[in-house]
Amino acid sequence: MIELKQLTKIYGSKKKMTTALSGLNLKVNKGEIFGVIGHSGAGKSTLIRCINLLERPSQGEVWVGGTDLTKLGKRELQQHRRKIGMIFQHFNLLSSATVYDNVAFPLTLTGTPKAQIQAKVNELLALVGLEEHRGKYPAQLSGGQKQRVGIARALASDPDVLLCDEATSALDPQTTDSILKLLLDINRKFNLTILLITHEMHVIQSICDRVAVIHEGGIVEEGPVTEVFLKPRHFVTREFINRDAAGSAGEEGLKLAASVPHPEWARLVKITFLGAKTYESVLSQVVRETGVNFAILQGTISTIKDVPYGKLTVSFEGDDEKVGRTLALLRERDLDVEVIG
Amino acid sequence: MWGLDFSKIDWAEMGTASTDTLQMMGYATLFTFLIGLPLGVLLYTFSRSSSAVLGWVYRILSLIVNIIRSVPFIILIVALIPVTRAIMGVSSGVEGTIPPLVIGAAPFFARLVETALREVDRGVIEASHAMGATTFQVIRKVLLPESLPGLIAGMTITAVTLVSYTAMSGMVGGGGLGDLAIRYGYYRYEKEVMIVSVIFMVILVQVLQMLGDRLVIHFTRK
Chain W
240 MIELKQLTKI YGSKKKMTTA LSGLNLKVNK GEIFGVIGHS GAGKSTLIRC
290 INLLERPSQG EVWVGGTDLT KLGKRELQQH RRKIGMIFQH FNLLSSATVY
340 DNVAFPLTLT GTPKAQIQAK VNELLALVGL EEHRGKYPAQ LSGGQKQRVG
390 IARALASDPD VLLCDEATSA LDPQTTDSIL KLLLDINRKF NLTILLITHE
440 MHVIQSICDR VAVIHEGGIV EEGPVTEVFL KPRHFVTREF INRDAAGSAG
490 EEGLKLAASV PHPEWARLVK ITFLGAKTYE SVLSQVVRET GVNFAILQGT
540 ISTIKDVPYG KLTVSFEGDD EKVGRTLALL RERDLDVEVI G
Chain D
250 MWGLDFSKID WAEMGTASTD TLQMMGYATL FTFLIGLPLG VLLYTFSRSS
300 SAVLGWVYRI LSLIVNIIRS VPFIILIVAL IPVTRAIMGV SSGVEGTIPP
350 LVIGAAPFFA RLVETALREV DRGVIEASHA MGATTFQVIR KVLLPESLPG
400 LIAGMTITAV TLVSYTAMSG MVGGGGLGDL AIRYGYYRYE KEVMIVSVIF
450 MVILVQVLQM LGDRLVIHFT RK
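Quick note, the sequences are listed as chains W and D, same order.
First residue of the first sequence: 240, per my numbering; consecutive thereafter.
First residue of the second sequence: 250, per my numbering; consecutive thereafter.
Derived by calculation from the structure, the hints in this document are not laboratory data.
Built from N, CA and C at the ideal position, the CB exists for glycine as well.
Any given hint could turn out to be false.
For each label pair, taking beta carbons as the anchor points, the in silico distance ranges come out as [unchecked claim]:
hint	chain 1	residue 1	chain 2	residue 2	range
1	W	570	D	370	48 to 58 Å
2	W	518	D	469	36 to 46 Å
3	W	427	D	297	37 to 47 Å
4	D	456	W	381	53 to 63 Å
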């Protein structure tokens, strides 16, 4: 649906140049929610603004729905932009227009007949749950409500793609979750492709199918969220995961676990469960079979999008042969097992 | 009262002068709006343009606007006599005052328009571009409605400035309250006419300002 090829963006004049993006490649499939995470200054804002050419790339191609937007003239670009919805961190609503008129705005640009606009806007206001607020002005709304207006507005022209530029960064955690849920609903209902950028791992973990980590103008790690989240390879990815509340609890717990006095011959093992296995009694079955004792030092269970996962730090006590067999059996059952001490 | 004798005021003359002032101010405000608004929008658009040519057009336009604004109005009136005669057929009276008033005030209002447009949140403009709006649509559907309170405030300031400008119309026999105040009060030491004229102008300015402020509040959505 979206494909960026060798995307490069250089700001500034010949004297002082800043490279925001350097030869970046990215592919987003139809119907998926793709997240790009990065620190501020990593180039993620430039990246998303290059997709609808709010920012014209210095080099490279931007393919959206089979068209290279960089090759289009002004008029054609305007046409194509109507099929790319976008929501913003600061909502960017017309302060002088009511909720209704804000949602109707993209339709008035194309000269849509009034009756048609009315039907569409009513449908969208129902979708985002703002029917009662149709006559209000943005200043009378809460942040979450404003973003709902933004989402309804972005959907008004039936876009193929929705771009989310830090859409939840200005919202409190509860509101963030309700907006994320709305985005997920929309994605499922309309099979709408969503590309979002964020600096919060929580956002990626909640709704994204795939994730790319952007650092210094390039993608350093990319893959399904479950994979990247549970087995981060790049240090920036690890930073993000550890900064997240659940992730950092894991890291802290690990340090704590390692500091707990335990017999020298005990093996400290990190076990990661993914999917339905998270809720199965795998561990107890295995230890009953091998006859080792274990102590759980630390553990978390959470979900990535709707995939449950668990992380356990366990100390196994038994002779090397028995512990070895235990680990082998756990691996046989598709658990990820890592000996850490 | 304070040795003043208000009975010698010619109220018919006062009435004519009031009507003249209202006419000059009314027409001048109308045409200043019609010329200044597009000029302000152009100034804003050119100043934001990435094109080098338009950048130069902006600089030239900006220079002309600044030059007109720096010439004292009383000099502008006299300097513009040939222009006024070309446009209106006459260069004196109420009609003869309107062109210099408009030429003097339009660049001033255009600057106020430009400033008001700059206050519009860039994010909203960007969002409109992202939705596929053309430059013209952005101006008509985003910039103007979003800056409406600022534009009204600018128009109010301009109208008030025009009231004080009309006082100089006496130079070309334009009449009006200001002219009356200067002729009677300054040249003939008849303070009474001057005082009443000034009071009328104060009332006019108050009413204009109040009206403007009300409208600004009415249209402010923030």
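Hint by hint, here is what the structure shows:
{"no.": "1", "hint": "W:570 with D:370: 48 to 58 Å", "verdict": "56 Å, holds"}
{"no.": "2", "hint": "W:518 with D:469: 36 to 46 Å", "verdict": "56 Å, violated"}
{"no.": "3", "hint": "W:427 with D:297: 37 to 47 Å", "verdict": "40 Å, holds"}
{"no.": "4", "hint": "D:456 with W:381: 53 to 63 Å", "verdict": "40 Å, violated"}
Consistency with the previously given hints fails for numbers 2, 4, ordered from lowest to highest.
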